[in-house]
Amino acid sequence: MNGVFVSNAYLRDPKFSEPAQMFSTAAERLGISLRCVTNADLVFAVGAVTEVDEMLGKDDFVIFWDKDVRLARNLQICGYPVFNSPRCIEICDDKAMTHIALADRLIPSIETLVCPMCFGEYPDLDFLDEAADRLGFPMVVKDCYGSFGMQVRMARDLRSLKKLFEGPYVPRILQRYIECSSSDIRLEVVGNEVVASVLRHGPPGDFRSNCTIGGRMIPYVPTREERDLAIAAAGAVGADFCGVDIIRTREGPKVCEVNSNAHIKNLYECTGRDVSYDILDHIKKLVW
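In our numbering, the protein residues as written are 1 to 288.
These are calculated hints, taken from the structure and not from any lab test. Keep in mind that a hint or two might mislead.
To be verified - The list that follows gives simulated cross-link-like pairs (lysine-lysine, DSSO-like), each with its CA atoms no further than 30 angstroms apart:
#: 1; residue 1: K142; residue 2: K265
#: 2; residue 1: K284; residue 2: K265
#: 3; residue 1: K142; residue 2: K15
#: 4; residue 1: K162; residue 2: K142
#: 5; residue 1: K142; residue 2: K58
#: 6; residue 1: K67; residue 2: K285
#: 7; residue 1: K15; residue 2: K254
#: 8; residue 1: K15; residue 2: K284
#: 9; residue 1: K67; residue 2: K254
#: 10; residue 1: K285; residue 2: K58
Bear in mind that the values here come from a model prediction, so they are computed numbers and not experimental data.
Please model the entire structure based on the sequences and the hints provided.
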């Protein structure tokens, strides 16, 4: 069985090379031949089947650990089974589309408003007055595209909210703030099973729980309701594997985000579970 692992050539931080190393080790131990390449190695004409076959040699599958969805789709139309699918990557990469997909399946998630699309700069910000009346303050403002909590902000009043929208248009969502002690649950779903989970706490004074910005995590045993919710969320976005972030509210657990290629090294260091084995085993069952 032969496969290819695709990552992004332009993300130079060491943490972005860790998944490739983990998958390479797991593949070798599972008897799978896995080559690691980058999106920069796969520059070929759209739909050029012969050209990409010469590059990849008709491999059995592609693990696409990146957000270069156009390349993922091009590989797919050239006949390669891509995991996760390009459509899944596209939905998870866009936070607005993630919550729309969850709503389509009636999956509990945070109340979310999608900001209107604009070209250039907003000529007026009247829609923010309506958002403030509906969601109140503090309010969470998220860029639709971003990772590791870096494009997530909190507006504490209308003035600070409008300040965030000065300048060129950026696709964003607005969410009701839910007091949850700066913590959430990350559940890793592979197939229809939760294979690992952790409780994440944000750094002191920060409402975000991402470990990259200084948060910490501890092993966590999810409830049946939390497991079922994570599996349902994975199904809603069409993920073969993903990290589902859930917050606990007075109304029960709600989905915060779904990550099509969640960072797995932190998860391994915390729980001892290397989910690259689970993912490869899942793919093997699907393609063989």
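Proposed proximity, K285 with K67 (alpha carbon, max 30 angstroms):
Satisfied, since the Cα-Cα distance of roughly 24 angstroms is no more than 30 angstroms.
K284 and K265 were given as a pair; does the straight-line alpha-carbon distance stay at or below 30 angstroms?
22 angstroms, holds
Going straight from one Cα to the other, do K15 and K254 come out at no more than 30 angstroms?
Status holds; Cα separation ~28 angstroms.
Would you mind confirming whether the straight-line C-alpha gap from K285 to K58 stays at or under 30 angstroms?
Given that 30 angstroms is the threshold and the Cα spacing comes to 18 angstroms, the pair holds.
Pair hint outcome, K142 versus K265 [Cα-Cα no greater than 30 angstroms]
Holds, at about 25 angstroms.
K67 and K254: Cα distance at most 30 angstroms?
25 angstroms, holds
Hint check: K142 vs K58, CA-CA at most 30 angstroms. Holds or violated?
40 angstroms, violated
Below or equal to 30 angstroms on CA atoms is what counts here, so check K162 against K142.
Holds, because 14 angstroms separates the two Cα atoms, which is no more than 30 angstroms.
Pairwise hint evaluation, K284 against K15, where the allowed Cα distance is 30 angstroms at most
Status holds; Cα separation ~26 angstroms.
Hinted pair, alpha-carbon criterion (30 angstroms max): K142, K15. Please report holds or violated.
23 angstroms, holds
Going down the numbered hints, you'll see the structure goes against just number 5.
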